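Trainee: Spelled out from the first residue to the last, the chains are:
2 protein chains.
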Amino acid sequence: MEISALQRERYKYQPKLPAILSQSIEDVALSFGKPTKSIADSDALAELFKLSYGKPIASIVKGKNEKINQPLIVGVILSGGQAPGGHNVIAGIYDGLKKGNKSSVLLGFLGGPGGMLEDRAVEITDTIIDEYRNTGGFDIIGSGRTKIETPEQFAAALTTAKKRNLDAVVVIGGDDSNTNAALLAEYFTAQNLKTRVIGCPKTIDGDLKNEYIEASFGFDTAAKTYSELIGNIERDAASARKYWHFIKLMGRSASHITLECGLQTRPNVCLISEEVEAKNISMVQIVEQICSSIVKRAANKDNFGVVLIPEGLIEFVPEMKKLIEELNDIMADHGDELTEKTGFADQISWLNSRLSGESNTLFTALPPEIARQLLADRDPHGNVQVSRIDTEKLLIGMVEEKLKELKKTGMYNGKFSALAHFFGYEGRSAFPSNFDADYCYSLGFTAFVLIASGLTGYISSVRNLTAPADKWTPGGIPLTMMMNMERRHGSAKPVIKKALVELEGKPFKALAENREKWAENTCYRFPGAIQYYGPSDVCDQPTKTLILEHS
Amino acid sequence: MEISALQRERYKYQPKLPAILSQSIEDVALSFGKPTKSIADSDALAELFKLSYGKPIASIVKGKNEKINQPLIVGVILSGGQAPGGHNVIAGIYDGLKKGNKSSVLLGFLGGPGGMLEDRAVEITDTIIDEYRNTGGFDIIGSGRTKIETPEQFAAALTTAKKRNLDAVVVIGGDDSNTNAALLAEYFTAQNLKTRVIGCPKTIDGDLKNEYIEASFGFDTAAKTYSELIGNIERDAASARKYWHFIKLMGRSASHITLECGLQTRPNVCLISEEVEAKNISMVQIVEQICSSIVKRAANKDNFGVVLIPEGLIEFVPEMKKLIEELNDIMADHGDELTEKTGFADQISWLNSRLSGESNTLFTALPPEIARQLLADRDPHGNVQVSRIDTEKLLIGMVEEKLKELKKTGMYNGKFSALAHFFGYEGRSAFPSNFDADYCYSLGFTAFVLIASGLTGYISSVRNLTAPADKWTPGGIPLTMMMNMERRHGSAKPVIKKALVELEGKPFKALAENREKWAENTCYRFPGAIQYYGPSDVCDQPTKTLILEHS
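For the record, the sequence lines run as chains A and B. Quick note: the first sequence uses this note's numbering, first residue 1, plus one each step. Quick note: the second sequence uses this note's numbering, first residue 1, plus one each step.
FYI, nobody ran anything at the bench for these hints, they're computed from the structure. Fair warning: this is a prediction, and the values are worked out from it, not measured in the lab. Take these hints with a grain of salt, some might be off.
[Unchecked claim] Derived DSSO-like pairs: lysine-lysine, alpha-carbon spacing no greater than 30 Å straight-line:
| # | chain 1 | residue 1 | chain 2 | residue 2 |
| --- | --- | --- | --- | --- |
| 1 | A | K498 | B | K16 |
| 2 | A | K341 | B | K321 |
| 3 | A | K12 | B | K408 |
| 4 | A | K393 | B | K402 |
| 5 | B | K341 | B | K296 |
| 6 | A | K16 | B | K12 |
| 7 | B | K498 | B | K402 |
| 8 | B | K321 | A | K393 |
| 9 | A | K407 | B | K163 |
| 10 | B | K408 | A | K341 |
| 11 | B | K415 | B | K404 |
| 12 | B | K147 | A | K341 |
| 13 | B | K163 | A | K301 |
| 14 | B | K404 | A | K242 |
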């Protein structure tokens, strides 16, 4: 494989660590706080996690730690979608282990949690890890979406842990994967197995976040990559002066990515799913908001603009949610009848009598391509595949219709030509920014310290992230502390609570305060490509979200 | 407007100049070669360009130049689509002018050539130019696609030139705009007007290129921006191991961008329009080529990959070209009849009897969405809008069908899930790479020297581009030298010949030599984001195309 110049140079980058982790490893110890509680449902969770509930927060401090030099066998798993920095987490664990004891072993389970269940693993060596330092992707060992949930799966994990004589396993994943890690920790303890389980907070979506986990890794790099592209498109729009760009951004549940990109690039419209849901905003109102910007800008002869749309938007729009639910129900019961209708017109009239009045009105008002997507793209259970719906094109179609109306009334006299984009895969495997490279390496190194100190059921935590890296504070947070009970598939399950965009939070308020100005005027900001070298203000800044949350 | 950290830092960047242009301006002179000839049709061109045909190549050399300190009034025009570095061309002209004489004036015509026709202009000042140094976009004065072609337009340009007392006008544009510049130079000379006309080679497509113009500006930055994204997607594909990404890249006539991105990122399939045309490759053969890679990789359990597709591909596929021509003819004559058919099925059967057998077979074999695009997206003359056709989705649809066949025969047993991307607007207005920042500034400064030396009908030329910038050789090339006669709208016109990808050229050969290996194996290369700082191999390298062409 030919290596790019950047990759070759990035191999040489030494990620920064919190000062406490840079000193002699024998002086790295833990101190513990008071017992903790879950964020809610403490009784139910204490019952489910009999052996691991309520542990204290662990802080890494200077002190004697005799256990730190013991030889260890540790497994590591990459779980779920790619996020920049995953390789550095593994490098951090590896370097920590080897610093503790040269004979320690790190096993990488291949292809995600499934690799542990089927005992497919590779021993990480210097040669392997050196090829992946400071690079993007999860290709060092691959990832997967298998969950360790069923009794059979727990048993299979146990078999592997015993066979491999594992002292610990590190699960690098999002909220679901870390919930799984908590369950696995409890299970292993109950089985009197020595194997500890430690989690690491990964997800570009940024929704694994709380008072103790200031950021999930990968969010920084992904948001910066999308912001580069949005800024470039804004500059192009302001130069060509003839296109409205509708840009959908990855992130189905939470809109953190869209919000961060909005703060970075100052587009004319930046939709936030959490606001749509909280304020019960309809499709018609969303379209009116966009059109209001278009009309004002057209009056200034600015027939161009940029609209940011979170991927999951329509799932948060009340009437779309209802329509989708009705379609799912109809198709579950009568899907075959619909499939038999050959023409689209026939399908529409067949649905006519089955949808509620409101949903029927909405459905027939949708642009035909979108209505077709709703009917055509169904999963094996007949459900509409919401992620497949081109929300950006749906909005363009509805905006075009609305502008026609406004033109007739004389309220709008501009030109509207729109282009659609979707950015997601472009940012998930980018070379990690210096921030993510340092943060991930520190998370990995911290995970090693937690393991060497004998902890289980913790997530690796590195805090004070807006300060320079040497001032970061590493430690461990009990996974149960971040959990509550939620209904999933009809029954109450322990889950780590997803962090959605808070409408009272400073990042959203920074958007809300400015958006009227941005809607009418051209206030674009052009972040440019991620820089790994150069002045510190260019190559070491964290996200605006993080800075605002800490301000 | 809030400025990003990168933008603030880029303001400080001092673009590099050829050594000869860094010295005292009084020592910058010109030397001339022998009279030149056009690349073809010399008699016709000598007749059309009576006053400007056959001028000698001008080289910038050390020597006395008394004229260089005269005060000048110069206009500048940005013509056509954005390309990174346009602002630096203007900065180069401006700094040169002011270095020659502080009272010289640079006028920016607003919104492209139309700004000159309507005399809309702004005087460039330190305050203005300093806001745009080393930034992307054309927003300093805007661009436009108006051409100066008709007698009325020439007269309007003359009126403005006289009214503004212009010593010269610089046209920053692609092949068509520089052809216009040549005609304008001839016309002004014929009218005894002192206004000189100088061109500058701009286009991200890379098709304004020849022995004397080694690269058009913007190509470097745009190709690097797309390569960043393709590399990121490749790394994601190799990590997730479940998607085939079909990536369409901007560039309708020439495939230089796709070829450069292919060399940078080593995808599994990289289609080149020029090869498709030269070898008369059919859609079926293209689909077979892609499927061959998919089948081989599936046998290795690699059910993922990346395919690069030049935007203009289908215009080069013989049978698609024929179908499009037939559809255009039918719609020109019977468009209304078709529009009256409400159902798609009706439209198909109506077309059935009107298309030739071959075109009808092809049309009915197209995925329905694509067939609909062919019928729905027509320009005001009824013509199919080829640029609107989602070639990447067309290929995905046809590949899916072919794989179903192969599965039935037992020749293929993989999984195929595809995602479509189109990159264009993301790269046209990026912050120029150091190469483009330096090259554009040098082109602008060179344009000033040509103007100050009294030349007209020349294009600014900076050569030896694979050497460090101080070794670059600046000069002027007579525009007529790059021209031939081509049929346009039924009559012979003088035009600058577009540089298409040469199948005998080293860049294409480098692709051709490797593609069989890349088709089957995962040889991806991850260039990462454009770097403006850091080690020189990371931030100062020109394109692979340029390096190979010079090797």
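Trainee: Now tell me if each hint is right for this structure.
Mentor: To see whether the hints hold, each was checked on the structure:
Pair hint K498 of chain A plus K16 of chain B does not hold up; C-alpha atoms about 50 Å apart against a cutoff of 30 Å. For the suggested pair K341 of chain A and K321 of chain B, the alpha carbons sit about 34 Å apart, so the restraint of at most 30 Å is broken. The hinted pair formed by K12 of chain A and K408 of chain B fails the criterion: a straight-line CA distance of about 50 Å is larger than 30 Å. Distance hint between K393 of chain A and K402 of chain B is fulfilled; the C-alpha atoms sit about 29 Å from each other, no more than 30 Å.
About 44 Å separates the Cα atoms of K341 of chain B and K296 of chain B, which puts this hinted pair outside 30 Å; it is violated. Among the hinted pairs, K16 of chain A with K12 of chain B is consistent with the structure: their alpha-carbon atoms are about 28 Å apart, no more than 30 Å. Between K498 of chain B and K402 of chain B the alpha-carbon distance is near 35 Å, which puts this suggested pair outside the 30 Å criterion. Of the pairs offered as hints, the one joining K321 of chain B and K393 of chain A holds, with about 28 Å between alpha carbons and a cut-off of 30 Å not exceeded.
The straight-line distance between the Cα atoms of K407 of chain A and K163 of chain B is roughly 39 Å, outside the 30 Å bound, and the hint therefore fails. A C-alpha spacing of about 27 Å is found between K408 of chain B and K341 of chain A, which places the hinted pair at or below 30 Å, so the restraint holds. Among the hinted pairs, K415 of chain B with K404 of chain B is consistent with the structure: their alpha-carbon atoms are about 11 Å apart, no more than 30 Å. Restraint check for K147 of chain B and K341 of chain A: the C-alpha separation of about 52 Å exceeds 30 Å, so the hint is violated.
Between K163 of chain B and K301 of chain A, the direct Cα distance comes to roughly 27 Å. Compliance with the 30 Å bound is thereby established for this hinted pair. Between K404 of chain B and K242 of chain A, the direct Cα distance comes to roughly 42 Å. Violation of the 30 Å bound is thereby established for this hinted pair.
In summary, the numbered hints that this structure violates are 1, 2, 3, 5, 7, 9, 12, 14.
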